[in-house]
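J.: Those protein sequence lines, which keep their order, are chains A and B. Each residue of the first sequence is one higher than the one before, starting from 1 at the first, in the working numbering. Each residue of the second sequence is one higher than the one before, starting from 1001 at the first, in the working numbering.
Certain hints may be false.
[Stated by the list, open to error] Sample of chain B residues facing chain A (criterion: CB under 7 Å; computed from the structure): (1) G1001; (2) P1040; (3) L1044; (4) H1085; (5) S1089; (6) E1103; (7) F1106; (8) P1108; (9) T1113; (10) V1114; (11) T1115.
Rather than coming from a laboratory, the hints here were simulated on the basis of the structure. Using N, Cα and C, we set each Cβ at its ideal position, and we do this for glycine too.
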Amino acid sequence: GQQLNQSPQSMFIQEGEDVSMNCTSSSIFNTWLWYKQDPGEGPVLLIALYKAGELTSNGRLTAQFGITRKDSFLNISASIPSDVGIYFCAAILTGTASKLTFGTGTRLQVTL
Amino acid sequence: GAVVSQHPSWVICKSGTSVKIECRSLDFQATTMFWYRQFPKQSLMLMATSNEGSKATYEQGVEKDKFLINHASLTLSTLTVTSAHPEDSSFYICSASRLAGNEQYFGPGTRLTVT
């Protein structure tokens, strides 16, 4: 099935640095979601975006729903060691019974 | 909250046997539940969508007779892997959507190993 293109694939950063990752698609979506997955666990919802252009924050996390509805980005400010994990974007097309299309994932490693 | 549980968290079974995995929404009613499988270092791949009281809708390439899904109530869905083979070994994750909303809340996953 279709997947969203996520970049970067992985990144190593130092504690305290800001992180930016993005997700693009050739198709238009109506809802964008960002999840974090720790090893051996299910994904945890971080931020949900419902309107084109919407900018939403959740603590140190900020995400935006692209104006073209074909992309989204996630920023993490002042990273800490517990930010380590895999971040997935996901998107929903209205009328598809809330089926999620997932991104390929960004693996984040934070060094002290 | 929106808590989804899965049971068991891990299971080892012999080739040819069947395994049942439960998915429960603990503090909300879920009209729709989804089943995914995830291979190491890969993204989640949707297997099927299930609505309470109706037959599941399977994604292309997923054998419905091998992966039996039952959505008996608004808080419980089960996935049964029938006649399991080693290639069925994977991480199986369920998710649930509330009555009104698009967000999916995921369970902690079940690691299946078929020997």
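J.: Which numbered conditions among the earlier hints are violated in the structure presented, ordered from lowest to highest?
T.: The structure conflicts with hints 1, 2, 4, 5, 9, 10, 11, although it agrees with all the remaining ones.
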